[in-house]
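Using the sequences and the accompanying hints, generate a full structural model.
There are 2 protein chains.
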Amino acid sequence: LNLLLLEPEEVDAEGIAVLSDARARHLQTILRAAPNQAVRIGVLDGPIGVGRLLAIGNGVANLACTFEHTPPRPRIDLLLALPRPKVLRRLWAQIAALGVNRVILTNAARVERNYFDTHVLEPAVYRPLLIEGLQQARDTRVPLVTVHRQFRVLIEDELDSLAGDGRRLVAEPGRGESIASATMTIGSTRLLLAVGPEGGWNEFELQLMRAHRFIGVSMGPRTLRSDTACVALLALANDALKGAT
Amino acid sequence: LNLLLLEPEEVDAEGIAVLSDARARHLQTILRAAPNQAVRIGVLDGPIGVGRLLAIGNGVANLACTFEHTPPRPRIDLLLALPRPKVLRRLWAQIAALGVNRVILTNAARVERNYFDTHVLEPAVYRPLLIEGLQQARDTRVPLVTVHRQFRVLIEDELDSLAGDGRRLVAEPGRGESIASATMTIGSTRLLLAVGPEGGWNEFELQLMRAHRFIGVSMGPRTLRSDTACVALLALANDALKGAT
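As they're listed, the protein sequences go chains A and B.
Here the first sequence is numbered in our numbering, starting from 1 and rising by one per residue.
Here the second sequence is numbered in our numbering, starting from 1001 and rising by one per residue.
Don't read these hints as lab results, they were simulated from the structure.
Nothing here was measured: the structure is a model prediction, and the numbers come from that model.
Certain hints may be false.
To be verified - Calculated Cβ distances over 10 Å to all of chain B for the following chain A residues:
| hint | residue |
| --- | --- |
| 1 | E7 |
| 2 | E10 |
| 3 | V11 |
| 4 | R25 |
| 5 | I56 |
| 6 | N114 |
| 7 | T118 |
| 8 | R210 |
| 9 | L234 |
What the hints assert, rightly or not - Have a look at the derived ranges for each label pair, beta carbon to beta carbon:
| hint | chain 1 | residue 1 | chain 2 | residue 2 | range |
| --- | --- | --- | --- | --- | --- |
| 10 | A | G187 | B | T1118 | 26 to 34 Å |
| 11 | B | E1203 | A | E203 | 52 to 60 Å |
| 12 | A | D45 | B | E1203 | 30 to 38 Å |
| 13 | B | S1161 | A | R152 | 50 to 58 Å |
| 14 | A | E203 | B | A1055 | 31 to 39 Å |
| 15 | A | N58 | B | T1118 | 31 to 39 Å |
| 16 | A | L162 | B | P1221 | 21 to 29 Å |
| 17 | A | E156 | B | Q1150 | 57 to 65 Å |
| 18 | B | P1221 | A | I30 | 32 to 40 Å |
| 19 | A | H69 | B | P1008 | 55 to 63 Å |
| 20 | A | E172 | B | R1040 | 42 to 50 Å |
| 21 | A | A109 | B | A1055 | 27 to 35 Å |
| 22 | B | A1022 | A | D45 | 42 to 50 Å |
| 23 | A | R149 | B | P1221 | 30 to 38 Å |
Unchecked claim - Only some residues are given here: those of chain A computed to face chain B with a beta carbon under 10 Å:
| hint | residue |
| --- | --- |
| 24 | R73 |
| 25 | Q136 |
| 26 | R138 |
| 27 | V231 |
We treat Cβ as the ideally placed atom computed from N, Cα and C, and that holds for glycine.
As structure tokens, this is what we get:
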């Protein structure tokens, strides 16, 4: 546990948080934390700080919290053709750990319709997985998630308000320039990264995206599974944004 | 199935392969392949080519194989502190898909000893997962896998013969230069990438690696799970090697 995350309502006006769930048990039995010990804490979508243990025992931990800075929201949004539920389940924590502002899940010609029937799309299932990823990466910013069953409506009508006027990239194995070159002059605008379904986007989808300012980028000729591709592309995009001017 | 992989002994002297397992069923029921249809095939650690279906039915497929080029072995080796079995299981296919020549699994101070007792370290378990990743990425080169229970012996006595005289990088969150800058002048030599355990390498391990030509590299301040870190670092390393001179 690199960062103990709290819901905003768990910290009272005096900065005291009382935990009695898995987090308290983790402090007690895994970290063997003792009174007066300081623990790195964060408030979901809020600041990072330090919690000093006032008392711990019987599965209950009392923390006196002081806060420092609030992490900025990530600059990258992810447009992802809905993957198989098993793959999506594995992906939630990794997306949050890598730092994504918004996850825009969409239908596409090569997405199977029954993928939408999974409980992996329910906030009650994915929010704990997102929080797990944030705790791993020491961030507090929960990715915003929306699900879109109509690709065309998403691209034509909804994307501008979701992703703003940032740079838009669509990954295609073996086609297009590198992410670094496509973001060379990005300045301080946002970056939207589109990752297709296992079988790839079809030509209609690619043309619609190109007509809406998407630039094709490639990591090379290897075709990767959705989750591998997402992690690889997010790593490259984060790296490129650091080097961009 | 992007590439149908065959064991070398499955192709006879006339180039005929007779399949009667899950691959034949996949051709028949998922791809609905018909006689005369051409399928992209590859021989494990051998060439890529085309298989023309001579006959298919009742779970048996006969292919007439012709071969083209043999993919080169990947330039990257991965030195990985043994992750939790659950994480390692997820990682095998992704490592193969991203292209790794050699996977060197090692003990470290922060690796739990019982991680070595898993059947995920048995070739019978990991080889099919590696092949799954190769089929995804259209490669035939099976990563070589070795397991080392003594970190110091590995670094001092075994690494030179395993990884040769290539560039050696060790990933540390928040410390070190970027992979791109650390590989700027790599030329055509190999690259060895070291990824630590969940809790990180300890100081002894880092010093021993530095004494054996490892350079610290970082993807930024975020701490990632082993599998996420491996995929992210391999993507960055592949990308850097493309741009390096």
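Structure-based check of all given hints:
Every CB of chain B is more than 10 Å from the CB of A/E7 (nearest about 22 Å), matching its label as outside the interface. A cut-off of 10 Å between C-beta atoms confirms that A/E10 is not in contact with chain B; the least separation is 23 Å. Every beta carbon of chain B lies more than 10 Å from that of A/V11, the smallest distance being close to 24 Å; the non-interface claim holds. The claim that A/R25 is not at the interface with chain B holds, since no C-beta of that chain comes within 10 Å of its own (minimum 19 Å).
The beta carbon of A/I56 is kept farther than 10 Å from every beta carbon of chain B, the shortest such distance being approximately 22 Å. Interface exclusion of A/N114 from chain B stands, the closest Cβ pair being 16 Å apart, more than 10 Å. Here A/T118 stays apart from chain B, with its beta-carbon at least about 19 Å from theirs, past the 10 Å limit. Once the 10 Å rule is applied to beta carbons, A/R210 is consistent with being away from chain B; the minimum gap is 23 Å.
Not every beta carbon of chain B lies more than 10 Å from that of A/L234, the smallest distance being close to 8 Å; the non-interface claim is violated. Between A/G187 and B/T1118 the CB atoms are about 48 Å apart, so this pair departs from the stated range of 26 to 34 Å. Look at B/E1203 against A/E203: about 55 Å separates their beta carbons, and that is inside 52 to 60 Å. Take A/D45 and B/E1203: their Cβ atoms lie about 35 Å apart, and the range 30 to 38 Å holds.
Roughly 57 Å separates the CB atoms of B/S1161 and A/R152, a value that falls within the hinted 50 to 58 Å. Between A/E203 and B/A1055 the beta carbon distance is about 33 Å. The supplied range of 31 to 39 Å therefore holds. At roughly 34 Å, the beta carbons of A/N58 and B/T1118 sit within the given window of 31 to 39 Å. The hint said 21 to 29 Å for the Cβ distance between A/L162 and B/P1221, and at roughly 27 Å that hint holds.
In this structure the hint that A/E156 and B/Q1150 lie 57 to 65 Å apart at CB holds, the actual value being about 60 Å. Between B/P1221 and A/I30 the beta carbon distance is about 23 Å. The supplied range of 32 to 40 Å is therefore violated. For the pair A/H69 and B/P1008, the supplied restraint of 55 to 63 Å holds, since their beta-carbon distance comes to about 58 Å. Our hint of 42 to 50 Å for A/E172 and B/R1040 is violated, since their Cβ atoms are close to 18 Å apart.
Distance hint check for A/A109 and B/A1055: the Cβ-Cβ separation is about 32 Å, which falls inside the suggested range of 27 to 35 Å. With their beta carbons about 46 Å apart, B/A1022 and A/D45 fall inside the hinted range of 42 to 50 Å. For A/R149 paired with B/P1221, a C-beta distance near 37 Å keeps the hint of 30 to 38 Å intact. Hint status for A/R73: violated, given a least beta-carbon distance of 14 Å to chain B, over 10 Å.
Interface hint at A/Q136: satisfied, since its Cβ lies 6 Å from the closest Cβ of chain B, which is below the 10 Å cut-off. Interface hint status for A/R138: upheld, as the beta-carbon distance to the closest one in chain B is roughly 6 Å, under 10 Å. The closest approach between the C-beta of A/V231 and any C-beta of chain B is roughly 4 Å, which is under the 10 Å cut-off, so the hint is satisfied.
When held up to the earlier numbered hints, the structure conflicts with 9, 10, 18, 20 and 24 and fits the remainder.
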